[in-house]
Amino acid sequence: MTDQITPSKFEESPGAEDWRVVSDGAHAFYRTDSMVAAARFVQAISELPDIDSHPPDIDVRPGGVTVRLITFTSDFGGMTTRDLEIARQISAAAKKLGLAADPSAVQSLIIIPGWTAPAEVIPCWRAMLGYVPRIDSPDEDLVDPHNRGTGFWFEQMDEPRPDGGGAIHIAIFVPYELAEARIAAALAAGGRMVRDQFAPRWWTLADAAGNEADIATTKGRD
2 MTDQITPSKF EESPGAEDWR VVSDGAHAFY RTDSMVAAAR FVQAISELPD
52 IDSHPPDIDV RPGGVTVRLI TFTSDFGGMT TRDLEIARQI SAAAKKLGLA
102 ADPSAVQSLI IIPGWTAPAE VIPCWRAMLG YVPRIDSPDE DLVDPHNRGT
152 GFWFEQMDEP RPDGGGAIHI AIFVPYELAE ARIAAALAAG GRMVRDQFAP
202 RWWTLADAAG NEADIATTKG RD
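Anchor point for the sequence shown: position 37 equals 38 in our numbering, and the numbering is continuous, going up by one each time.
Wrong hints could be hidden among the right ones.
To be verified - In silico DSS-like links for lysine-lysine, alpha-carbon gap of 30 Å or less:
id, residue 1, residue 2
1, Lys10, Lys96
2, Lys220, Lys10
3, Lys10, Lys97
4, Lys220, Lys96
Hints are computed from structural coordinates only; laboratory data are not their basis.
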């Protein structure tokens, strides 16, 4: 099963209640009370039928296990019915072990350098980071070849900043149902709203120094 599906279709599918699609795929976080419990869960995932044909990325900590599913091809990066099938199997394995998902712990980050000619700066960033072009968008994205570091997306700016330079901001992808609370917390902590016309895809906020960040979701991106 390898048909492409949208983020909203993935999340709305029966059996995917534990999962939230953010910038780099579908994530689920399962709380555990020990490293032993976390390891048992990973073992259960490793024993799923044919899991090695499309293995998930797994982050293991004593307090919980984060699992990520995504499909990449030369012209596509996103969710497929195969990802959905595996997500259901992982959720069933977690339930069998008495583990509960906590969607509020799911988020992903993207660092976004901007410049009027991204192709001029990408090679330098690639050399500094030791990253590689993302397979489905090599002219826009750099990723950690070991799938550990935060991804970089290079934004096309219409014109430089007033001082002639580029700009860097970050995007924090969260589950849609958590976005308003995250924004409210930032505003209460001294932030300000810069723009919201792209909501619910993203809201841009800034701190007192003018540093900007997007609170982003996959809502409205289908």
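Hint check results:
{"no.": "1", "hint": "Lys10 x Lys96", "verdict": "holds, 22 Å"}
{"no.": "2", "hint": "Lys220 x Lys10", "verdict": "holds, 11 Å"}
{"no.": "3", "hint": "Lys10 x Lys97", "verdict": "holds, 25 Å"}
{"no.": "4", "hint": "Lys220 x Lys96", "verdict": "holds, 27 Å"}
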